[in-house]
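Respectively, the protein sequence lines represent chains A and B. The numbering used here applies: residue 1 is where the first sequence begins, and numbers increase by one. The numbering used here applies: residue 1001 is where the second sequence begins, and numbers increase by one.
I should point out that these hints are in silico values taken from the structure, not numbers from a laboratory. Please read these numbers as outputs of a predicted model, since none were measured by experiment. The C-beta atom is built at its ideal place from N, Cα and C for all residues, glycine as well. You may find that some hints are simply not true.
[What the hints assert, rightly or not] Computed, partial: chain A to chain B, Cβ under 7 Å:
(1) Arg22
(2) Phe45
(3) Tyr48
(4) Ala54
(5) Asp56
(6) Leu60
(7) Ala88
(8) Leu91
(9) Glu99
(10) Phe103
(11) Gln105
(12) Gly106
Chain residues, written in single-letter form:
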Amino acid sequence: GAGVSQSPSNKVTEKGKDVELRCDPISGHTALYWYRQSLGQGLEFLIYFQGNSAPDKSGLPSDRFSAERTGGSVSTLTIQRTQQEDSAVYLCASSWDREKAFFGQGTRLTVV
Amino acid sequence: QKEVEQNSGPLSVPEGAIASLNCTYSDRGSQSFFWYRQYSGKSPELIMFIYSNGDKEDGRFTAQLNKASQYVSLLIRDSQPSDSATYLCAVKRAGGFKTIFGAGTRLFVKA
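All chains should be modelled from the sequences, with the hints used to inform the complete structure.
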């Protein structure tokens, strides 16, 4: 596609429910990143994919968070048993050179 | 100490002035340096990158890097109201996977 596409754009969920966030990177970009941005804060790194493997998942906050990437393309970030502190904008980015990142519009997650 | 530090601002400059945004980083192994612009409610957009000491100019933007001082800056000449945004400094370690972002500096350009 022309850009990084994320869905849904907004998600409101009840505390304790599981959510899945989807990212469709720019075609041909082998590197894919997930970041989280809380209100008024900078970007917090979550996980990096090169192809389908995740050599750096050091930013995942807890074992409630997991991510996968299939076919070297689409990635899903899953948050189990959501908590209110998980509320944030989840941003996906892709890159062809592991340097310059192109971001999607993000998924705004609200846990109530 | 945060890995990437920026003054949160807001930095307010009049239209037509030079806006100077500063960033320091702690990891001496950092090799790649980026400036992203983020409009309110939007996602970050890459506007400049620099790898070598010195200045790099692109239109109204100049990135400056001083590895010895672990300092990177962004100058915006002839600032316009449309430049009003949060500017995120980001660094990446040589051979590393992740890019570390600062919390950003809010810039207001007054017409």
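Hints, one by one, checked against the model:
no. : hint   : result
1   : Arg22  : violated, 15 Å
2   : Phe45  : holds, 5 Å
3   : Tyr48  : holds, 4 Å
4   : Ala54  : violated, 9 Å
5   : Asp56  : holds, 4 Å
6   : Leu60  : violated, 12 Å
7   : Ala88  : violated, 13 Å
8   : Leu91  : holds, 6 Å
9   : Glu99  : holds, 6 Å
10  : Phe103 : holds, 4 Å
11  : Gln105 : holds, 5 Å
12  : Gly106 : holds, 5 Å
In the structure shown, a violation is registered for the earlier hints numbered 1, 4, 6, 7, in ascending order.
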